[in-house]
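All chains should be modelled from the sequences, with the hints used to inform the complete structure.
As you go down the protein sequences, you meet chains A and B in turn. At position 48 of the first sequence (counting the first as 1) the number is 48 in our numbering, and the numbers step up by one without a gap. Each position in the second sequence, counted from 1, maps to that position plus 75 in our numbering.
Just so you know, the hints here were simulated from the structure itself, not pulled from any lab data. Any given hint might turn out to be false.
[To be verified] To give a feel for the contact side, a few chain A residues facing chain B, derived at Cβ under 7 Å:
1. 6
2. 14
3. 15
4. 17
5. 18
6. 19
7. 22
8. 24
9. 26
10. 27
11. 36
12. 42
13. 47
14. 66
15. 67
16. 68
[As the list claims (entries may be wrong)] Cβ-to-Cβ under 10 Å is the rule here; a few derived chain B residues that face chain A:
17. 90
18. 112
19. 192
20. 229
Computed from a prediction, not measured in an experiment: that's the story for all the values here. We put the beta carbon where it would ideally sit given N, CA and C, even for glycine.
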Amino acid sequence: MINELLFMNGYGVYVLSAFGFTLLSFSGLYVITKLQFAKEQNKFVAKFGSLNTDKANSAKLQRINKEILANATNN
Amino acid sequence: MFKLLEPNKIFQITSKAPGYVLFLFVVVLTVGLTEALILSPEDYKQSDAVRIMYVHVPSAWISLGIFSSITLLSVSGFIFKNKNLFLIAKSLAPSGFVFNIIALVTGSIWGKPTWGTWWAWDARITSMLILALFFALYLIAWRIYEKEEKVFKITTFITIIGIINVPITKYSVEWWNTLHQPASINILSKSSIHSSMLFPLLIMTAAFALFSLLIFLMKYNTELIKIKNKGLDRL
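Here you go:
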């Protein structure tokens, strides 16, 4: 049964390599995008940490900044 | 209308959405792969080689759709002077490019057992290769140019020139005598594909669209944080 599934009447090597390439591309793109996101998020947290109290309070007034910090601590 | 597209408001949704989209993508892809590799029938002419269609066709559709969307967003961004539309377009491009490459590579793999060759300078294949070049140019432009005004102008120009290639790709199989088979699915007329093959094809298309949405959301969030990083520098 499994041999039949993999052999696919002699086309298995073509079919599985096409599906394999697709899934490999998906994984690659996902990992790269995730790494880029984590890098920017870490940069943001580091920069925010280096702000003095006044500047940090002023930055926290923007809801999006609070959201980024909240997401960073959740991850 | 554009107030709804304010990054501050959008981030509240886009920052939470990727987790749900990833879960949905995994579920739909699992169903799609089971249908495409196990349950769907083989073709009377191409036998099991036809299964390559389930990754090749959705990839081609989505890459063409994404390039058209990028063009529409860039032109609208230029007309309405809305930076966020450019940001959305930029975030869509990586998945569009990857789907374009997948369509080319899986098409090439499919070509070997059915046409006897990995590559042919056929109208459909060549126009898809040209589309990949436009995607690459678009992505490179965002990396090269730093000034916003300049990058907005150049990327819009690239998409306007590139969009000419989209109808050529779509109708190439009708306008020229090509190795590539004509479209089996038509929205306006009856499709020539059997429902037992159409169903897995639509499920795989849904899975690929979800993956594209997932990458878009992650990329868009990254771009928003990049902007906020610059904002913190200015404080």
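Results of checking the hints against the structure:
no. : hint : verdict
1   : 6    : 10 Å, violated
2   : 14   : 5 Å, holds
3   : 15   : 5 Å, holds
4   : 17   : 6 Å, holds
5   : 18   : 4 Å, holds
6   : 19   : 6 Å, holds
7   : 22   : 4 Å, holds
8   : 24   : 10 Å, violated
9   : 26   : 6 Å, holds
10  : 27   : 11 Å, violated
11  : 36   : 5 Å, holds
12  : 42   : 10 Å, violated
13  : 47   : 5 Å, holds
14  : 66   : 10 Å, violated
15  : 67   : 6 Å, holds
16  : 68   : 6 Å, holds
17  : 90   : 5 Å, holds
18  : 112  : 7 Å, holds
19  : 192  : 13 Å, violated
20  : 229  : 22 Å, violated
Of the numbered hints listed earlier, those contradicted by the structure are 1, 8, 10, 12, 14, 19 and 20.
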